Amino acid sequence: MGNSSSLMLRDEEIEQISGETEFNRNQIVRLYSRFLSLDKKGQGFLEREDLMNVPELAVNPLGDRIVDAFFTLAGKDDKHLNFRQFVQVLAYFQPIDKTKRNENNDRSKKLKFAFMMYDLNRNGYITREEFKVILNSMVGANITADQLDKIADRTIEEADADQDGKISFEEFCKAMEKTDIEDKMSIRFLN
Amino acid sequence: STIAASAMLLQFVVGLASLFYLPFIFSIVLLVIFLSATGLTLGIRKRIAHLLIAIFEWGSDVSESEEQVSESVGETREETAEEQPAPIRKRHSSSDLRIIKREHSELIDSKLLGQDVLKKKSTVSVLVDDSLDFISAGIESIIEDNVTSRFSAEQLPSWNLLSRTKYTFMHISPKLTILWILGFYFRYLILVPIRVCLFCVGMASMVFITSAVGYVPNKAVKKWLNRRAMLTSMRIFSRSFSSIVNFHDRHNRATQGGICVANHTSPMDVMILSCDNCYAMVGQKQGGILGFIQKSLSKAEHHIWFERSEAKDRMAVSNRMREHVEDPTKLPIIIFPEGTCINNTSVMMFKKGSFEISETIYPVAMKYDSRLGDAFWNSSKQSYGEYMWMMMTSWAITADVWYLPPMTRMEGEDSIAFARRVKKAIAKAGGLVDLEWDGALKREKVSNKLIALQQKLYFERLSTRTSMCSEITDDSIDILKNMSEDDRNQLFKCLDEADDDNAVIRKVSEFIPEVAALVTEAVKAEE
Chain A
1 MGNSSSLMLR DEEIEQISGE TEFNRNQIVR LYSRFLSLDK KGQGFLERED LMNVPELAVN
61 PLGDRIVDAF FTLAGKDDKH LNFRQFVQVL AYFQPIDKTK RNENNDRSKK LKFAFMMYDL
121 NRNGYITREE FKVILNSMVG ANITADQLDK IADRTIEEAD ADQDGKISFE EFCKAMEKTD
181 IEDKMSIRFL N
Chain B
1 STIAASAMLL QFVVGLASLF YLPFIFSIVL LVIFLSATGL TLGIRKRIAH LLIAIFEWGS
61 DVSESEEQVS ESVGETREET AEEQPAPIRK RHSSSDLRII KREHSELIDS KLLGQDVLKK
121 KSTVSVLVDD SLDFISAGIE SIIEDNVTSR FSAEQLPSWN LLSRTKYTFM HISPKLTILW
181 ILGFYFRYLI LVPIRVCLFC VGMASMVFIT SAVGYVPNKA VKKWLNRRAM LTSMRIFSRS
241 FSSIVNFHDR HNRATQGGIC VANHTSPMDV MILSCDNCYA MVGQKQGGIL GFIQKSLSKA
301 EHHIWFERSE AKDRMAVSNR MREHVEDPTK LPIIIFPEGT CINNTSVMMF KKGSFEISET
361 IYPVAMKYDS RLGDAFWNSS KQSYGEYMWM MMTSWAITAD VWYLPPMTRM EGEDSIAFAR
421 RVKKAIAKAG GLVDLEWDGA LKREKVSNKL IALQQKLYFE RLSTRTSMCS EITDDSIDIL
481 KNMSEDDRNQ LFKCLDEADD DNAVIRKVSE FIPEVAALVT EAVKAEE
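Protein chains in written order, with the UniProt record's numbering: chain A, 1 to 191; chain B, 1 to 527.
Wrong hints could be hidden among the right ones.
Have a look at the derived ranges for each label pair, beta carbon to beta carbon [what the hints assert, rightly or not]:
1. A:Ala161 / B:Asp129: 42 to 48 Å
2. B:Ser18 / A:Ser18: 19 to 25 Å
3. B:Val13 / A:Asp64: 56 to 62 Å
4. A:Ala91 / B:Val13: 50 to 56 Å
5. A:Asp180 / B:Met315: 52 to 58 Å
6. B:Met410 / A:Ser18: 42 to 48 Å
7. A:Leu120 / B:Arg322: 52 to 58 Å
8. A:Ala145 / B:Met315: 41 to 47 Å
9. B:Asp434 / A:Asp149: 39 to 45 Å
10. B:Pro174 / A:Asp180: 48 to 54 Å
11. A:Ala145 / B:Ser415: 36 to 42 Å
Looking from chain B toward chain A, a few residues come up when the C-beta cut is under 10 Å (computed) [to be verified]:
12. Val128
13. Ile142
14. Ile289
Bear in mind the hints are in silico, worked out from the structure with no lab data behind them.
Note that the coordinates shown come from a computational prediction; the quantities given were computed from them, not determined experimentally.
Even glycine gets a Cβ: it sits at the ideal position worked out from N, Cα and C.
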């Protein structure tokens, strides 16, 4: 029936979101169109299922971790995601503009998002067990429990500075110092 | 004021209608019947289509320039004059109108296929690196993905004066509004009545003529009559939707049985293909009107209609189709292996069933031009009736059909590979994106098999390209240490006897002191 994305988004809302997230008007409108197409039941908000309906996300090993992060960052109601919250989370992945003051803040936000992928129970630490769960979702039943343990051990060891058997956010950031987070976790819009 | 203008226009039209309307419509219907029966064309539809497209492009020029004027409030005149680029008259293609650069998704794809350049070697660093890419690729797929976009109508670069394709963020000027009103009246008051008449005439002719033909005793005459009847009716139908079809490479048409395979976009695919060639249809037996139509069609020619219970039995289906295909007196079958309607920007996975029936396939590629009317049927959003009404009230349906040369299964090629090869050829001919995703994802979730496949690919990446292997062979050092002396000596003797292995052990000893120690021990023991 054609792309009848009748814009239920008012201009003031677009202005507001643009101010908060630094997306420009065009990008916000395109994201809104995408939001509407993900919201198949037309409820005005997204649920976990709506995001997991994207096949490419469903086959991504970190797929449900990502969806989890969306809903955690959205705030109080962690079952429903409205458009504003949707865009706010996507804003974490904007390329860092080195001319603006907030460079360190942006880098820290991206690292926080990545940290959330591993820290399953959100207690601020990545434990060996949590890492094993992630590793398991990436390789599935193809490795033995033994190999799984070994790799998990080695990984935790490398980053665990204070030797407490788990990785805190500071240790995580330190371990990621050499990685070009800005490049790895930025998504460029075509204009 | 626009309301007043449209009221006046309406009165004028009503006046005209009472004088000229009915005779006008009837004469057009008769003309169409004559043209369809003889297979001629006056080229009127094509000319009107060109005119309409020129009008749309003028209209989008108007709206673009007005948009730029309104945005340039605050900028100087000179700046806007410089910044107005010449509008690019692009034919919409499947890769247009993307929002983001999908760098991370492409990177992940190349990693899983083993095609990337690996900078780090240790398993841990590769894992961490890859997991960041997985995260970004996941977010990219939330913003824009290759699959869900294929199940909704494609976007147009310039508005075609149908309110169904209007984006409200496009600036609408008074000129465009008037154009739209004129277009609206033209479509609903002139085109729709003609089309509805033609549709009824076409339906009636198809049903009654084929029933009549069924009584003809002579087989050859019957076949010829059926062909003429079907072609005529289908041409009337296609004119009833104002479809403009270009057939390419007609020498590749299937003429003596066989299976034709095509990409699926709308229920009208069969109608369009039947304007040029007669096909045997395949489908489930329906009740009611559709069932009546099916029965009449079957009187004149062999079609394959399955009972609901039979349809579930794949063997029975295959056998019946195979019987039909191997009989050269019967018409070629037309099959759509995608299984569902896709929005014509891509071709999705072909189900292998149809490729198991015959060794030779006649592929057909179809590409619709949605500037004058989008033929895609989104069955989850529209019912069949709504869809037909949408088609009747569009400007026209434009399509290109390419007949590809027949393809035969190669030695040792299985049905899945054969299906993939044919799909690739069809996608290439139609200028469509070739995707391996299953069209069933329109309604179903991703199957666990796909997820397991991804995991397997990732595991292969880790085990063959990172040092995970050497980490595993740490175990072999332990094993060597735990072996009894005799066994170890035996082992090293075997290794000694092989020519190159000495060099191997020497090299390994340089890196792993434990092995060096073992080797010297063994050598000492031998002496």
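Now for the hints, and whether the structure bears them out:
no. : hint                            : result
1   : A:Ala161 / B:Asp129: 42 to 48 Å : 20 Å, violated
2   : B:Ser18 / A:Ser18: 19 to 25 Å   : 55 Å, violated
3   : B:Val13 / A:Asp64: 56 to 62 Å   : 59 Å, holds
4   : A:Ala91 / B:Val13: 50 to 56 Å   : 53 Å, holds
5   : A:Asp180 / B:Met315: 52 to 58 Å : 57 Å, holds
6   : B:Met410 / A:Ser18: 42 to 48 Å  : 56 Å, violated
7   : A:Leu120 / B:Arg322: 52 to 58 Å : 54 Å, holds
8   : A:Ala145 / B:Met315: 41 to 47 Å : 43 Å, holds
9   : B:Asp434 / A:Asp149: 39 to 45 Å : 42 Å, holds
10  : B:Pro174 / A:Asp180: 48 to 54 Å : 52 Å, holds
11  : A:Ala145 / B:Ser415: 36 to 42 Å : 38 Å, holds
12  : Val128                          : 7 Å, holds
13  : Ile142                          : 6 Å, holds
14  : Ile289                          : 24 Å, violated
Of the numbered hints stated above, those contradicted by the structure are hints 1, 2, 6, 14, listed in ascending order.
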